[in-house]
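Below are the chains, spelled out letter by letter.
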Amino acid sequence: MDDTLIIRGIEFRSRLWVGTGKYRDFEETRKAIEASGADVVTVSVRRVNIIDRKSENLLDYIDPKKYKILPNTAGCYTVEDALRYSRLAREAGISDLVKLEVIGDEKTLFPDTIGLLKATEILAKEGFIVLPYTTDDPIMAKRLEDAGAAAVMPLGAPIGSGLGIRNPYNIRIIIETAVKIPVVVDAGVGTASDAAIAMELGCDAVLINTGIAGAKDPIAMAAAMKHAVIAGRLAYKAGRISKKLYATASSPLEGML
Amino acid sequence: MRLKINGEVVDGISASTVQELLDELKITAGRVAVEVNLSIVRKVDFGRFRLNEGDAVEIVNFVGGG
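Here the protein sequences come in this chain order: G and R. Numbering follows our numbering, with no gaps: position 24 of the first sequence is 24. Numbering follows our numbering, with no gaps: position 43 of the second sequence is 43.
So that you can see chain G by itself, here it is in the shape it has in the complex (with noise of 0.2 Å):
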């Protein structure tokens, strides 16, 4: 059965999303991306050494016409910020689509949502495919649903942390009731079995980075991603047991002597 994830049209064949930040060279972000199977990949807009030019770029590994390439607005920290990076990408770029990061604060790096809704609703307004990055709250999934966001990125755990899905409940009310666009986990995915939880809940795709450059064999640990994504959509599209307190036996009681 075909289960291809689309998003305003675009087709995407992986549900595990990566980022390209942390890793130690242009190559071993080459071979994770590749380990993970994942057709789209994170991308930060910064400004160009001028100074000490080298002549290899990010784009030399990754080639945007196998990938796609979704930049982000990490770092700002304001509205206008936020406009103005999107835009920046947009430029550099060869598609509308931009992760739109408005952040509230260092320690945490937990979206600001009140400069979130109002990047999300211009941005759209604009013509970008914008997917917020964003809290756990249904409420505010739904206001970015409604300001024209094209799918909502609820944090599963603060940024790098490897918590995992802090919240499961959250997440699943913003599946199940909150909005019907596509939701995709960003942030907090310490692990394989973070994955397959996140996409057990009902998520569409899940978005890593630290989980996987971060890990001590970061190639290995990508193709692991790669497998619980799979296997947590397996079993979401399977429908789980429901949890009992008490044991069911599996084997027959009639026949025994």
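In short, the hints are calculated from the structure, not lab data. Take these hints with a grain of salt, some might be off.
As the list claims (entries may be wrong) - Straight-line Cα separation of at most 25 Å, DSS-like style, residue types lysine-lysine; simulated pairs: (1) Lys4(R) / Lys65(G); (2) Lys4(R) / Lys68(G); (3) Lys54(G) / Lys4(R); (4) Lys54(G) / Lys26(R); (5) Lys125(G) / Lys43(R); (6) Lys237(G) / Lys180(G).
To be verified - Listing some non-contacts, in silico: residues in chain G with all C-beta distances to chain R over 10 Å: (7) Asp137; (8) Ala223; (9) Ala238.
Model, not experiment: these values are computed from the prediction. Using N, Cα and C, we set each Cβ at its ideal position, and we do this for glycine too.
Given the coordinates of chain G, work out where chain R should sit on it, guided by the hints.
Relative to the frame of chain G, chain R by itself:
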């Protein structure tokens, strides 16, 4: 000409357009976005967008990020 490029004051620029500036800095135009005095210059306009003394130019590209 003196320009402010990515926050640094750079003297002795001979380029007079954005495209010439990128060539002078050996930057491939296809992978960057350029802002002059806080306004984005579209790629199609790189060749005809003229730079003036003291302009603040930002040249950005994609780097690894999550």
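Hints, verified against the model:
1. Lys4(R) / Lys65(G): Roughly 34 Å separates the two Cα atoms, so the pair is violated.
2. Lys4(R) / Lys68(G): Violated. Lysine 4(R) to lysine 68(G) sits at ~33 Å, over the 25 Å cutoff.
3. Lys54(G) / Lys4(R): OK: lysine 54(G) and lysine 4(R) at ~20 Å, within 25 Å.
4. Lys54(G) / Lys26(R): Distance of about 10 Å is within 25 Å: holds.
5. Lys125(G) / Lys43(R): Between lysine 125(G) and lysine 43(R) the Cα gap is close to 22 Å, so the pair holds against 25 Å.
6. Lys237(G) / Lys180(G): 17 Å, holds
7. Asp137: Non-interface label on aspartate 137(G) holds, nearest chain R Cβ at 21 Å vs cutoff 10 Å.
8. Ala223: 19 Å, holds
9. Ala238: 31 Å, holds
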